[in-house]
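Novice: With the hints as extra help, turn the sequences into a complete structure.
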Amino acid sequence: MKYPADRYPLWNDWRWQMQNRVRDAASLARWIPLSDAEREEIENCTVRFRMAVTPYFLSLIDPADPDDPIRRQCIVSSKELIRSEVEKSDHLDEGGRSVTPHIVHRYPDRVLLLATMQCGMYCRHCTRRRIVGESDMTPTVEELDRELDYIRAHPAIRDVLISGGDPLTLPTPRLEEIIRLLRAIPHVDIIRIGTRVPCVLPMRVDGELVSMLKKYHPLWINVQYNHPRELTPESEEALRKLADAGIPLGNQSVLLKGINDDPETMKELLLRLVHDRVRPYYLYQCDLAEGTGHFRTPVSKGIEILHALQGNISGFAVPKYVIDAPGGGGKVPFVYDYARGTEDGRIIFENYEGKLFSYPENGGSTDV
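Using my numbering, you'd call the opening residue of the sequence shown number 150 and step up by one each time.
Bear in mind the hints are in silico, worked out from the structure with no lab data behind them. This one's a predicted model, so the numbers in the text were calculated from it and none came from an experiment. Do not take every clue at face value.
[Claimed, not checked] Dumping the calculated DMTMM-like pairs for lysine to aspartate or glutamate here, alpha-carbon to alpha-carbon at most 20 Å:
| id | residue 1 | residue 2 |
| --- | --- | --- |
| 1 | K390 | D239 |
| 2 | K363 | E413 |
| 3 | K450 | E413 |
[What the hints assert, rightly or not] Cβ-Cβ distance ranges computed for the label pairs, FRET-style:
| id | residue 1 | residue 2 | range |
| --- | --- | --- | --- |
| 4 | A186 | L330 | 45 to 55 Å |
| 5 | Q168 | R197 | 39 to 49 Å |
| 6 | G478 | E292 | 28 to 38 Å |
| 7 | A333 | R199 | 16 to 26 Å |
| 8 | H424 | D211 | 39 to 49 Å |
| 9 | G479 | P335 | 25 to 35 Å |
| 10 | K504 | I231 | 41 to 51 Å |
| 11 | G476 | P250 | 18 to 28 Å |
| 12 | R329 | F506 | 47 to 57 Å |
| 13 | E283 | G478 | 36 to 46 Å |
| 14 | R428 | F483 | 15 to 25 Å |
| 15 | R199 | H424 | 33 to 43 Å |
| 16 | L330 | R428 | 23 to 33 Å |
| 17 | P335 | I231 | 45 to 55 Å |
The C-beta atom is built at its ideal place from N, Cα and C for all residues, glycine as well.
Specialist: Shown next as structure tokens:
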């Protein structure tokens with residue numbers, strides 16, 4: 150499903166895309182065919198959870214496929230109304246670790262700054278779905294400046310992740326003011342931005358934005374691509390602009406049942422990302438956010454996928470598989486166990502082909 154720019158003259162204007170995000174069944178039906186049952190399902194679900202999708206991302210859907218991987222990430226489903234006993238609204242306890250209304254301090258040397266609660270698209274698997282879309286929770290620059298006093302008062306903080314919501318949906322001057330204020334803090338070395346804009350709203354990555362960002366190095370950007378079909382020519386052009394500006398790009402995929410939970414789909418995604426100069430960073434186990442159980446796979450599935458990739462693609466193309474520990478425990482990596490025990494002072498281990506090898510447990514040291 151493609152909508153050429155000549156049919157919609159403002160198609161490539163990111164503000165038009167934001168203003169025309171699809172939020173309900175009536176507006177969605179103008180873009181893709183919906184049955185009466187689908188309309189009712191969407192209406193029932195949006196009472197509980199917000200929906201917002203850019204026309205651009207909607208155009209990537211195959212309307213003939215009800216299980217289309219793009220559709221499942223952006224269109225609400227009645228499955229979201231099923232709440233598992235293990236799910237919580239704030240399963241990562243961000244509220245308990247918020248030192249100000251918009252700063253979460255979980256790790257010793259870095260903090261999360263929630264600069265906005267607006268996104269180009271509200272992902273159906275969103276870990277912060279309890280608050281994303283709350284327009285009254287988006288702080289002004291002046292309010293954020295007061296909150297930055299916390300960072301100024303804690304010199305151990307050297308790394309700030311600007312997230313939300315999606316900070317790249319802010320007007321460029323407003324985003325620059327936030328970055329400028331952070332860069333003025335002497336002990337803040339690294340500024341990172343977490344965004345899905347290049348994937349769901351690539352026209353936002355314009356010359357004005359890129360010129361502004363490149364003034365504030367060292368600045369890193371983490372994006373989120375979950376399926377190879379998201380890497381369209383428009384999206385790849387947005388990534389190229391950011392990479393050409395000297396901004397290191399990392400990708401944080403979420404493992405999603407029926408979308409990317411097989412080695413071949415993940416391999417294609419990772420290799421295409423590397424081609425586009427995006428380093429695979431994390432593969433997340435889908436969080437225990439309320440109403441996301443239909444997306445979660447067994448933990449063994451993630452380990453199995455990375456085991457299948459190891460040795461079959463370049464090492465730098467293989468992400469870390471992590472679980473964000475419930476209750477705010479932080480990200481914990483899970484890996485395939487290649488160790489097979491010890492024998493006569495040697496470690497026995499398996500390689501990617503399943504062959505066994507040994508290595509001296511003390512590293513062959515001759516020290517006594």
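Novice: Confirm or reject each hint.
Specialist: Going through the hints against the structure:
1. K390 to D239: violated (35 Å)
2. K363 to E413: violated (35 Å)
3. K450 to E413: The given pair, whose Cα atoms are some 13 Å apart, holds under the 20 Å limit.
4. A186 to L330: 45 to 55 Å: holds (50 Å)
5. Q168 to R197: 39 to 49 Å: violated (24 Å)
6. G478 to E292: 28 to 38 Å: About 29 Å separates the Cβ atoms of G478 and E292, which means 28 to 38 Å holds.
7. A333 to R199: 16 to 26 Å: The hinted range 16 to 26 Å is violated for A333 and R199, with Cβ atoms some 35 Å apart.
8. H424 to D211: 39 to 49 Å: violated (24 Å)
9. G479 to P335: 25 to 35 Å: The hinted range 25 to 35 Å holds for G479 and P335, with Cβ atoms some 26 Å apart.
10. K504 to I231: 41 to 51 Å: holds (44 Å)
11. G476 to P250: 18 to 28 Å: holds (21 Å)
12. R329 to F506: 47 to 57 Å: holds (53 Å)
13. E283 to G478: 36 to 46 Å: Check failed, 26 Å falls outside 36 to 46 Å.
14. R428 to F483: 15 to 25 Å: holds (20 Å)
15. R199 to H424: 33 to 43 Å: Because 34 Å falls inside the window, the suggested range holds.
16. L330 to R428: 23 to 33 Å: holds (28 Å)
17. P335 to I231: 45 to 55 Å: Cβ of P335 to Cβ of I231: about 49 Å, so the range 45 to 55 Å holds.
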